[in-house]
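So the chains spell out like this:
Protein chains: 2
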Amino acid sequence: MRIVEVSPRDGLQNEKTPIPTDQKARLILNLVQSGLVEVEVGSFVAPQWVPQLADIRELWECIHQQPFSSNLLYSALVPNEKGHARAIELGVSRIALFTAASDAFTLKNINMTIEQSLLGFESIIQTHRQKFSNSFVRGYVSTIFECPYAGRITPRAVRTVIDKLLEMGVDEVSLGDTTGIGCPVETRALINELQGIPKEKVAWHFHDTRGTAIANVSAALDAGFSVFDASAGGLGGCPYAKGAGGNLATEDLIYFLERSGVPTGVDLDLLSRATLEILQTLGKLPTAKAQLASLASSE
Amino acid sequence: MRIVEVSPRDGLQNEKTPIPTDQKARLILNLVQSGLVEVEVGSFVAPQWVPQLADIRELWECIHQQPFSSNLLYSALVPNEKGHARAIELGVSRIALFTAASDAFTLKNINMTIEQSLLGFESIIQTHRQKFSNSFVRGYVSTIFECPYAGRITPRAVRTVIDKLLEMGVDEVSLGDTTGIGCPVETRALINELQGIPKEKVAWHFHDTRGTAIANVSAALDAGFSVFDASAGGLGGCPYAKGAGGNLATEDLIYFLERSGVPTGVDLDLLSRATLEILQTLGKLPTAKAQLASLASSE
Chain A
1 MRIVEVSPRD GLQNEKTPIP TDQKARLILN LVQSGLVEVE VGSFVAPQWV PQLADIRELW
61 ECIHQQPFSS NLLYSALVPN EKGHARAIEL GVSRIALFTA ASDAFTLKNI NMTIEQSLLG
121 FESIIQTHRQ KFSNSFVRGY VSTIFECPYA GRITPRAVRT VIDKLLEMGV DEVSLGDTTG
181 IGCPVETRAL INELQGIPKE KVAWHFHDTR GTAIANVSAA LDAGFSVFDA SAGGLGGCPY
241 AKGAGGNLAT EDLIYFLERS GVPTGVDLDL LSRATLEILQ TLGKLPTAKA QLASLASSE
Chain B
1001 MRIVEVSPRD GLQNEKTPIP TDQKARLILN LVQSGLVEVE VGSFVAPQWV PQLADIRELW
1061 ECIHQQPFSS NLLYSALVPN EKGHARAIEL GVSRIALFTA ASDAFTLKNI NMTIEQSLLG
1121 FESIIQTHRQ KFSNSFVRGY VSTIFECPYA GRITPRAVRT VIDKLLEMGV DEVSLGDTTG
1181 IGCPVETRAL INELQGIPKE KVAWHFHDTR GTAIANVSAA LDAGFSVFDA SAGGLGGCPY
1241 AKGAGGNLAT EDLIYFLERS GVPTGVDLDL LSRATLEILQ TLGKLPTAKA QLASLASSE
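Read top to bottom, the protein sequences are chains A and B.
Counting from 1, position 204 in the first sequence corresponds to residue 204 in the working numbering; the numbering is continuous, with no gaps.
Counting from 1, position 205 in the second sequence corresponds to residue 1205 in the working numbering; the numbering is continuous, with no gaps.
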């Protein structure tokens, strides 16, 4: 079982409250102290686009001052070659690239078709493999069920993008239900389309907008998948939500897995405290989940 | 598929903001106009215990002034014989009785053992059958997975209570995950213990405290069950929650069922509007779910 914590990047990127670097570092420290090993800590997106993530260099250096950081798998999003140059400079061996299963979505978000985005990946991956012996490249595939601009997406369209990414040599794909519409029926339909792909190369990135994230995790788990993305407190993923998050909350994922007999190595009490702290920093109401998990574990 | 809407009773009973009778009636009207048919509208609990529900008589009369009310299945909770006398007086033919699978829980909540609570039911059910030709009696079984005072509850203990209720002649049992701890693994274990019981006599009452409600519904649906309780906006079920509810939100249930190819007859747009209105009345943040569902459907 691998859990990829995305709150420092995916969770914070849409937050208006500027979070100082040391508080981000503290969030990450709290998360890894709870037992999480893989954390996407930021993005090399141009600072003017996402000011919240502009301090990636300082943050990266800060978290690598921890004595145990060599045991951890920190990664960062790389949106383009320019960002990649900065990532290399900083020694970021684990990177994530971003595309989608819908041209309408990539055009709106990164001003490229899917095909054009993939073309850009080729040279990044090549350069990256040359620079790092311990390189790891993740390929995000967004809008796996629905595109906010183009509507329903077929499993076939998702498979096509996955195949291209794997052919290019990404180590894993992360399949994102961007609009949070997925139910097990859609997850199973997509799983049917994934035959022949090694399951350990597929991460699932569910949103909990409509309360279906854990049901989707359950369906993927039943089918033998074992890599899941999550975000502390459900941060990110849903620009409309005030009290509640849009991403699958890490504390819910851990709770579900442990309860289902799948060991995660994560201490739910510590994780809940980490979650409460960042929600308070952001001036958000603690989710019932974080609050209750914390209460339950402190009994 | 039957959906039992419990927000007017289970959702409002712990709310401190007093809701005037006409606003409760409006909530119920909004809910049934969205297509919901079965609504638990209140409780005959002694007014001093739950002042919020003290206006059951006025509310009952108010909602029965609607011309189409004869097509609807309104019910109310009956906590004891005294409450039952008031219910009979008002002509409430559909009632719900309350017990649990944990003595510690019934002792704390109704000052009786399970056995004592069941003894009380016998005469209520008898009287009720005599009074109403169209009687319907539901038996709530709380703490099906865990008791907040006694810890884990075995499926066997739940089955014992169910058997006694069915022998007494209740028309259905509603199985409640009171503390919201359930995962599909627990739901499936309990389902295994329910062999021989007609599935249409079993309603599931899940809480979404830790994001697992829909996963549990999915597991029960896969096993052939078709009656689910839910509460608009997730109201109720979780005294700790401020922004988010503890009960399974009706809008999430409807979304999930419709998406899974199960027709519900409920208009998600109208339901979301009903939900937003009551959340606003209560001064609660609209859940992301209600907000998004409403946004999506108004596009």
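Since the hints were made in silico from the structure, they are not lab data.
Don't take each hint at face value.
Claimed, not checked - Label-pair ranges, simulated between beta-carbon atoms:
1) B:ALA1223 x A:GLU258: 36 to 42 angstroms
2) A:MET1 x B:GLU1081: 50 to 56 angstroms
3) A:GLN23 x B:GLU1115: 38 to 44 angstroms
4) B:GLY1265 x A:GLN48: 46 to 52 angstroms
5) B:GLY1265 x A:GLY196: 38 to 44 angstroms
6) B:GLY1035 x A:VAL262: 34 to 40 angstroms
7) B:PRO1198 x A:LEU119: 58 to 64 angstroms
8) A:GLN48 x B:LYS1199: 47 to 53 angstroms
9) B:TRP1049 x A:GLY35: 40 to 46 angstroms
10) A:ARG57 x B:GLY1224: 53 to 59 angstroms
11) B:VAL1037 x A:GLU258: 37 to 43 angstroms
12) B:GLU1058 x A:GLU258: 44 to 50 angstroms
13) B:TRP1049 x A:THR281: 38 to 44 angstroms
Every residue, glycine too, gets a C-beta built ideally from N, C-alpha and C.
Now for the hints, and whether the structure bears them out:
1. B:ALA1223 x A:GLU258: 36 to 42 angstroms: violated, 23 angstroms
2. A:MET1 x B:GLU1081: 50 to 56 angstroms: holds, 53 angstroms
3. A:GLN23 x B:GLU1115: 38 to 44 angstroms: Violated, since GLN23 (chain A) and GLU1115 (chain B) (Cβ atoms, about 55 angstroms apart) do not stay within the stated range.
4. B:GLY1265 x A:GLN48: 46 to 52 angstroms: holds, 50 angstroms
5. B:GLY1265 x A:GLY196: 38 to 44 angstroms: The hint (38 to 44 angstroms, Cβ to Cβ) holds, given that GLY1265 (chain B) and GLY196 (chain A) are roughly 41 angstroms apart.
6. B:GLY1035 x A:VAL262: 34 to 40 angstroms: holds, 38 angstroms
7. B:PRO1198 x A:LEU119: 58 to 64 angstroms: With Cβ atoms ~60 angstroms apart, the hint holds.
8. A:GLN48 x B:LYS1199: 47 to 53 angstroms: Violated, since GLN48 (chain A) and LYS1199 (chain B) (Cβ atoms, about 58 angstroms apart) do not stay within the stated range.
9. B:TRP1049 x A:GLY35: 40 to 46 angstroms: Holds - the Cβ-Cβ distance for TRP1049 (chain B) and GLY35 (chain A), about 44 angstroms, lies within 40 to 46 angstroms.
10. A:ARG57 x B:GLY1224: 53 to 59 angstroms: holds, 56 angstroms
11. B:VAL1037 x A:GLU258: 37 to 43 angstroms: For VAL1037 (chain B) and GLU258 (chain A) the Cβ distance comes to about 38 angstroms; the hint holds.
12. B:GLU1058 x A:GLU258: 44 to 50 angstroms: Given a distance of about 47 angstroms, which is inside 44 to 50 angstroms, the answer is holds.
13. B:TRP1049 x A:THR281: 38 to 44 angstroms: holds, 40 angstroms
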